[in-house]
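Peer 1: Chain residues, written in single-letter form:
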Amino acid sequence: MAAVTGASAAAPRGRTAGARARRHRRLRVLAFLSPWLIGFTLFFGYPLLATVYFSFTRYDLFNLEYVGLTNYRYLFGDQDARRSMLNTLWLVTLMVPLRVLFGLGAAQLLAHLKRGGGLFRSIFYLPYLVPPVSATVAFVFVLNPGTGPVDHLADLAGIPLPDWFNDPDWSKPGLALLGLWAVGDVMIILLAAVLDVPRQLYEAAEIDGAGPWQRFRHITLPTVSPVLAFAAVTGVIQTLQYFTQAMVAGKVAAGQSDQPGTQLAPGYPGGSTLTFPQYLYDEGFRQFNMGYACVLALLLFAVAMLFTLLLLRQFHSFADGEAS
Amino acid sequence: MTGTAARALTRTAARALTRTATAPAGGRPRRGPGGPRGRRALLWVAAHAVAIALSLMFLAPLLFMFLTAVMSDEQTLSGDLWPAHWQWGNFTEVLSGDMARWLGNSLLYAVLGTLFMLLSSVPVAYALARFRFRGRKVAFVLVITTMMLPPQITVVPLYIVWARFELTGTLWPLILPLLFGDAFSIFLLRQFLVTIPRDYADAARVDGCGEFTTMVRVVLPMARPALAAVALFQFFYCWNDYYGPLVYAKPDAWPLAVGIATFRAAHNVEWNLTMAATLLTVLPVIVVFLLAQRVFVQGITLTGVKG
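Taken in sequence, the protein lines are chains A and B.
My numbering applies: residue 1 is where the first sequence begins, and numbers increase by one.
My numbering applies: residue 1 is where the second sequence begins, and numbers increase by one.
Please note: incorrect hints may appear among the correct ones.
[Said to hold, decoys possible] Cβ-Cβ distance ranges computed for the label pairs, FRET-style:
hint : chain 1 : residue 1 : chain 2 : residue 2 : range
1    : B       : L290      : A       : F76       : 45 to 55 Å
2    : B       : S96       : A       : L101      : 37 to 47 Å
3    : B       : G104      : A       : Y72       : 42 to 52 Å
[Unchecked claim] The following residues of chain B were derived to be distant from chain A, with all beta-carbon distances above 12 Å:
hint : residue
4    : G38
5    : T92
6    : S96
7    : G97
8    : G104
9    : R164
10   : D199
11   : D207
12   : G208
13   : V285
If you are wondering where the hints come from, they were derived from the structure by calculation, not from laboratory data.
Backbone N, C-alpha and C define an ideal beta-carbon position, used for all residues, glycine too.
All chains, please: the whole structure from these sequences, using the hints.
Peer 2: Structural data, given as C-alpha cells:
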C-alpha cells in the first residue's frame, strides 16, 4: 500500500478505486449467495463427508466404534439389501418407461383434441396433485379385494382382479398402476414438447401422404426425443428415492400402525414393496444401525450421481447458452 | 437426414403421379364417408372417446374416495358404490380427533417453510442470474446436483446433528434448513430471472438504486408469476412430505401426511373415516391450485415483461 501511494498521484488512486470496487462487487456476490453457501456447506457438504466417516463405524446414537470395512463387507451377503435393490430395479426398469410412454400417449391425445382440450388436460393432470400418501391410501382401498369399489365393479363385469397390495406378485404392479394414475408431471412436459413441434412439418408430411402413425414416428418422436430423454432420466432419479407410496401401501394394506415401538418391518407383503430407500430408513431409524445405513446411502449416492451427471450433460448446452 | 428427405421426395412424386391418374379430370375429389373428411370425423370421435374413458379412470378413485367418505362404517365393507344415506358427520368426527393437530402441524411446516424458502432462495437466484463472477457456472451446476440427489444420502449425519441440538421429535429439522436456500426453487427462479431484460435493472441502477433495492423494487415485481410458482411448489412439497416427518417428528408433531398413513390401523379399519380424512388432505391442495391458476395468469399480465 505504502509503495503504491508513493508513486505518481493519478494512476494508483484509480487502481485502488478499481480494487475497492472489485472487492465491493465480490462482497456483494458473497452476500447474495450467502444463504446457499451456508446451506450447501451445512446441509450437503458436511453430511456427505460425515456419511463417508460414519460408514466405517458402528453407531447407534450412543456408542461409536470404528469397524473399518465391516459394514461394506456385510453389504455383499445381505439378502434384504439385495431384495430391496431388486425391487427398486423393478420400479426403475418397468414403472419409469411405462410412465414416460403413457405420458407421451396422453400428451399426444391432448394435442389432438381441439374441443375440450383444456378441461381434459386439467382432469389428466389432477391426480398428480393429490398428495402421494392420500393417493396411496385411496388406491389401496379402491383396489382392496372384496370391499374396494373397483374390485366390486370388476367382479360384476366378470373380470377377475388380483389381490394387488396383499399379494407379493401384484404389489409392485399395483404401485406402477398408481404411478400411471399420477402421470401428470411427465405428461405436462411432454405436452409442451409435442405442442412445440412446428405445424408446417405436419402439413408437409400430410401432403406427402403420411398417415397419423408415420407422422408420429417420423416427426413427433424425433422432435420430442430430447424431452423424452429428460423425462426418463429425471424419472429414474426420482424412482431411486421411491419411498412414500411403497411404505404407505404396505402399511395400509397390512393395517400396521406407526406408533413408536410398534413399527413393523416395511415391505408388506413378504418384502415385495421394500424399496432401497425404505431399507436404508429401516436400518438407520428403526434398527439404529447408523453406520450400515451410511454404506447404503453412499451406494445410493453413487447410482443417483451417475444419472445426475447424465442429466447435467443435457443441461449443459442451454446453461452455457444463457451464461453469455 | 438426406436419406429421409430423398425418400420423402420420391414419395411425394409417386403420390402426385397416382393422384393425377385416379382423380377425375377437373372434378373435385368426392368426400364420402370413406373419404378424408369421414376418416377425420372418425378420428375425432375416437380421440374424444378415449379422452372421456381416460378421464373417467383418472377421476374414479377420487369419486370413490368421496362416496366412501359419506358412507356408514358397515356399508364400506359391503362393496356398495353409492351411499345408502349421506353421513356428512364423518367429516366433523374426523376433525374432532387427532386430525386438527395434524392439520396445525402441516400448516406450520408448509407456511413457515414456504416463507423461509422465499427469503433465502430469492437473493441466491438473483445473484446466479445477474452477477458475473468466477465460479458462477460451478455454483449453478452444484445447485442442480443438490436438487437431483435423493435426500436419503445425507439423512443419517443430519439426524445425528439435530439430535445433538435436541430438535429431533419436532418439525424444525425440516423447516430451519429452508432458511438457507432450496436448490429446486433457486434453479426455477434463476431460469425465470435470466429472461427479464437487463435494461430494467440497469435503469434503476442509473437512478441510484443499490443492488438490493433494485432486486426488491424492480426485478421481483416482474418475477411475481415465478415467485408464486416456487411458493406453490414449496407449499405442496411440505404439505405432501412424508419421508422427512417420518424420520424426525414424534406423534405430537406429525403432519397430515404421516397421520393419514396410520389412520386405518388406528381406527380399526373404518374405511369411511379413513377416506374422509384422506379427502380433507386432498381438498386444500386442489383448492389452492385452482385459485393459484388465476394468480399465475394475473401475474403474467401484471408484469412489465410484455413492455
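Peer 1: For every hint, state whether the structure bears it out.
Peer 2: So, going through the hints one by one against the coordinates:
no., hint, in the structure
1, B:L290 to A:F76: 45 to 55 Å, "holds (52 Å)"
2, B:S96 to A:L101: 37 to 47 Å, "holds (46 Å)"
3, B:G104 to A:Y72: 42 to 52 Å, "holds (44 Å)"
4, G38, "holds (15 Å)"
5, T92, "holds (19 Å)"
6, S96, "holds (20 Å)"
7, G97, "holds (15 Å)"
8, G104, "holds (17 Å)"
9, R164, "violated (10 Å)"
10, D199, "holds (17 Å)"
11, D207, "holds (18 Å)"
12, G208, "holds (16 Å)"
13, V285, "violated (5 Å)"
Hints 9, 13 from the earlier list are contradicted by this structure; the remaining hints agree with it.
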